[in-house]
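Numbered according to the numbering used here, the sequence shown spans residues 36 to 259.
Simulated from the structure, these hints should not be mistaken for lab results. Possibly wrong hints are sitting among the right ones.
In silico SDA-like cross-links for lysine to any residue, where the CA-CA straight-line distance does not exceed 25 Å [unchecked claim]: (1) 221 <-> 182; (2) 182 <-> 168; (3) 221 <-> 104; (4) 122 <-> 60; (5) 136 <-> 103; (6) 182 <-> 208; (7) 236 <-> 144; (8) 136 <-> 100; (9) 122 <-> 132; (10) 136 <-> 173; (11) 136 <-> 234; (12) 122 <-> 168; (13) 136 <-> 215.
Cβ-Cβ distance ranges computed for the label pairs, FRET-style [to be verified]: (14) 51 <-> 120: 36 to 46 Å; (15) 145 <-> 180: 17 to 27 Å; (16) 138 <-> 103: 16 to 26 Å; (17) 38 <-> 140: 16 to 26 Å; (18) 252 <-> 45: 48 to 58 Å.
Since this is a predicted model, take the numbers as computed values, not measurements. Note that the Cβ used here is the ideal one computed from N, Cα and C, for glycine as well.
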Amino acid sequence: MTRVLVVEDETQIARALQINLRVHGYEAVTASSGEAALAAAAEAPADIVVLDLGLPGMDGVEVIRRLREWSSVPIIVLSARHGAEDKVEALDAGADDYVTKPFGLEELMARLRAAARRGTARPETPRVQTRDFSVDLAARRVVRDGKDVRLTPTEWSILAVLVRQPGTLVTQRELLMQVWGPAYAKESQYLRVYMAQLRRKLERDPSNPRHLRTEAGIGYRFDP
Numbered sequence: 036m037t038r039v040l041v042v043e044d045e046t047q048i049a050r051a052l053q054i055n056l057r058v059h060g061y062e063a064v065t066a067s068s069g070e071a072a073l074a075a076a077a078e079a080p081a082d083i084v085v086l087d088l089g090l091p092g093m094d095g096v097e098v099i100r101r102l103r104e105w106s107s108v109p110i111i112v113l114s115a116r117h118g119a120e121d122k123v124e125a126l127d128a129g130a131d132d133y134v135t136k137p138f139g140l141e142e143l144m145a146r147l148r149a150a151a152r153r154g155t156a157r158p159e160t161p162r163v164q165t166r167d168f169s170v171d172l173a174a175r176r177v178v179r180d181g182k183d184v185r186l187t188p189t190e191w192s193i194l195a196v197l198v199r200q201p202g203t204l205v206t207q208r209e210l211l212m213q214v215w216g217p218a219y220a221k222e223s224q225y226l227r228v229y230m231a232q233l234r235r236k237l238e239r240d241p242s243n244p245r246h247l248r249t250e251a252g253i254g255y256r257f258d259p
């Protein structure tokens with residue numbers, strides 16, 4: 036059964052969606068805030084997320100960005116915001132589809148069916164445990180020896196890219212483009228500085244790293 040996470044702070048709308056989704060054969064769970072949505076997605080990964088943008092606390096666009104740090108789950112925005120700039124911002128953040136309120140139930144069901152066909156082919160785990168430290172991508176948290184490790188935003192971005200692809204060689208160019216953008220695609224010295232900082236914070240022996248490995252002249256690899 037396809038599991039749908041409905042993120043909606045208006046109780047009546049959330050309840051109506053939950054009932055209708057179940058009638059149409061979906062497993063439906065709800066969250067009323069962005070923080071609750073991220074926690075629910077990490078605890079029991081959904082097959083599709085239906086997301087309102089106007090949430091209390093964390094805005095829906097930020098929820099999309101946070102989810103995209105570790106998940107490729109299809110995200111359908113369901114929002115009263117009709118402006119083109121709102122749609123562009125949500126889609127650029129990583130949403131797959133955008134439906135404006137008020138909406139027709141049959142249209143939403145059709146979009147859900149399309150999202151299910153495009154759905155992720157592999158389960159995704161937001162938490163990674165190594166022998167020396169743990170990484171929680173959903174909570175943006177790194178723990179070593181029972182204590183939180185403070186990372187800069189850039190350090191976190193580099194680590195998140197590597198952790199999402201365990202055992203995979205990530206080229207210097209790919210890391211630079213994902214973290215800094217296309218204009219920095221050749222600035223490999225940036226990576227050397229930040230990787231050294233990450234190793235000092237995470238590795239038992241920074242000079243002989245076990246988890247954050249270098250492939251000389253090519254890139255880096257995360258080995259759990």
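Hints versus structure:
1. 221 <-> 182: Outside the cut-off at roughly 35 Å; violated.
2. 182 <-> 168: Holds. Residue 182 to residue 168 sits at ~10 Å (cutoff 25 Å).
3. 221 <-> 104: 23 Å, holds
4. 122 <-> 60: Measuring from Cα to Cα gives roughly 29 Å; hence the hint is violated.
5. 136 <-> 103: Within the cut-off at roughly 24 Å; holds.
6. 182 <-> 208: 32 Å, violated
7. 236 <-> 144: 47 Å, violated
8. 136 <-> 100: Answer holds: residue 136 to residue 100 is near 22 Å, not above 25 Å.
9. 122 <-> 132: 9 Å, holds
10. 136 <-> 173: Judged against 25 Å, a Cα distance of about 28 Å means the pair is violated.
11. 136 <-> 234: 48 Å, violated
12. 122 <-> 168: 38 Å, violated
13. 136 <-> 215: Between residue 136 and residue 215 the Cα gap is close to 36 Å, so the pair fails against 25 Å, i.e. violated.
14. 51 <-> 120: 36 to 46 Å: Violated - the Cβ-Cβ distance for residue 51 and residue 120, about 28 Å, lies outside 36 to 46 Å.
15. 145 <-> 180: 17 to 27 Å: Cβ of residue 145 to Cβ of residue 180: about 51 Å, so the range 17 to 27 Å is violated.
16. 138 <-> 103: 16 to 26 Å: With a Cβ separation near 24 Å, residue 138 and residue 103 satisfy 16 to 26 Å, so the hint holds.
17. 38 <-> 140: 16 to 26 Å: The hinted range 16 to 26 Å holds for residue 38 and residue 140, with Cβ atoms some 19 Å apart.
18. 252 <-> 45: 48 to 58 Å: 54 Å, holds
Going through the hint list in order, the structure does not satisfy hints 1, 4, 6, 7, 10, 11, 12, 13, 14, 15.
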